[in-house]
Amino acid sequence: MSSGNMLAIFYFLLEGIGNTLLVTFTCFLSAFFTGLTVAVLRRLSPLPLQKILDAMVFILRGIPILIAVFLVYFGLPSIGIYVSPLVAMNLSVGLISGSYLAEVFRGALKLVEPFEITVAKVAGMRQLQVIVNIELPQMLRFSVPGIINEFSSVLKATPFAYTVGIAEITKQAMSLTAITLNGLQIYTLAGVLYFIIYKFFTLLAGVFEKKYRIS
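The working numbering numbers the first residue of the sequence shown as 1 and each following residue consecutively.
Hint data in this document are derived by calculation from the structure and do not stem from the laboratory.
There could be a bad hint or two in this list.
Unchecked claim - For each label pair, taking beta carbons as the anchor points, the in silico distance ranges come out as:
#1 Gly-18 to Ala-123: 44 to 50 Å
#2 Leu-203 to Ile-117: 53 to 59 Å
#3 Gly-191 to Val-83: 28 to 34 Å
Stated by the list, open to error - DSSO-like cross-link-like pairs, simulated, lysine-lysine; straight-line CA separation at most 30 Å:
#4 Lys-199 to Lys-156
#5 Lys-110 to Lys-156
#6 Lys-121 to Lys-110
#7 Lys-121 to Lys-199
#8 Lys-110 to Lys-51
#9 Lys-110 to Lys-211
#10 Lys-210 to Lys-51
#11 Lys-199 to Lys-211
#12 Lys-199 to Lys-210
#13 Lys-121 to Lys-156
#14 Lys-51 to Lys-121
Cβ coordinates follow ideal geometry from the N, Cα and C atoms, glycine included.
Can you make the complete structure from the sequences, with help from the hints?
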């Protein structure tokens with residue numbers, strides 16, 4: 001294949017980058033706030049509700065993302081609930097990746113010094129104030145490596161968006177392959193694009209980690 005054709009393929013695949021980034025960031029935000037909500041509820045809830053949350057997290061972590069996408073996008077219409085492809089991805093990836101982040105946050109909360117919590121309570125802070133002002137800020141900083149790792153996982157899950165019709169990089173590659181039958185070159189370039197995106201955000205996250213991580 002000529003260099004001109006390779007360049008044309010590359011530009012065609014580039015058209016999917018916008019949707020790839022859109023899916024990545026919206027799904028990651030959904031996952032982040034899901035995990036954060038579970039972390040806070042675990043701290044504020046009575047033991048029975050904590051057990052229910054633990055069970056939900058355990059179940060969600062065992063469900064493949066692709067199955068979750070199919071359940072939401074193709075399953076919900078059977079009971080009269082219709083969602084857009086992007087919402088389906090956000091619900092699916094948000095819940096499953098959020099369950100992993102919930103465990104990351106739970107581990108990070110254990111690193112917060114009990115002495116600081118005790119001092120805050122003695123000073124008259126209520127439990128919610130302690131969580132918001134003492135625990136959550138430290139939890140987020142302790143969680144930076146785990147958050148970065150989960151962001152990478154969300155990015156790698158974006159190709160599933162093609163199954164619900166979102167024209168991201170993988171969808172573009174499949175469409176072009178169906179026309180040209182040059183699958184090797186097309187998917188190689190698609191892989192290169194994913195690697196570039198992954199490497200860029202990994203380097204950016206590394207800078208963020210050094211700045212905010214607690215040793």
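Status of each hint after checking the structure:
1. Range check, Gly-18 to Ala-123: about 49 Å between beta-carbon atoms, so the 44 to 50 Å window is met.
2. Between Leu-203 and Ile-117 the Cβ separation comes to about 36 Å, which falls outside the hinted range of 53 to 59 Å.
3. Checking the proposed 28 to 34 Å range against Gly-191 and Val-83 shows it holds: the Cβ atoms sit about 30 Å from each other.
4. Annotation: proposed proximity of Lys-199 to Lys-156 holds, straight-line Cα distance about 12 Å (limit 30 Å).
5. For the hint linking Lys-110 to Lys-156, the alpha-carbon distance of about 29 Å falls within 30 Å, and the restraint holds.
6. Note on Lys-121 and Lys-110: the hinted pairing holds, with a Cα-Cα distance of about 17 Å set against a maximum of 30 Å.
7. Distance check on the hinted pair: Lys-121 and Lys-199 sit about 44 Å apart at the alpha-carbon level, beyond 30 Å; violated.
8. Restraint check: the Cα-Cα separation between Lys-110 and Lys-51 comes to about 18 Å, which is no more than 30 Å; the hinted pair holds.
9. Straight-line distance between C-alpha atoms of Lys-110 and Lys-211 comes to about 22 Å, which keeps the hinted pair within the 30 Å bound.
10. About 35 Å separates the Cα atoms of Lys-210 and Lys-51, which puts this hinted pair outside 30 Å; it is violated.
11. Restraint check: the Cα-Cα separation between Lys-199 and Lys-211 comes to about 19 Å, which is no more than 30 Å; the hinted pair holds.
12. The straight-line distance between the Cα atoms of Lys-199 and Lys-210 is roughly 17 Å, inside the 30 Å bound, and the hint therefore holds.
13. A C-alpha spacing of about 42 Å is found between Lys-121 and Lys-156, which places the hinted pair above 30 Å, so the restraint is violated.
14. Restraint check for Lys-51 and Lys-121: satisfied, since their Cα atoms lie roughly 25 Å apart, inside the 30 Å limit.
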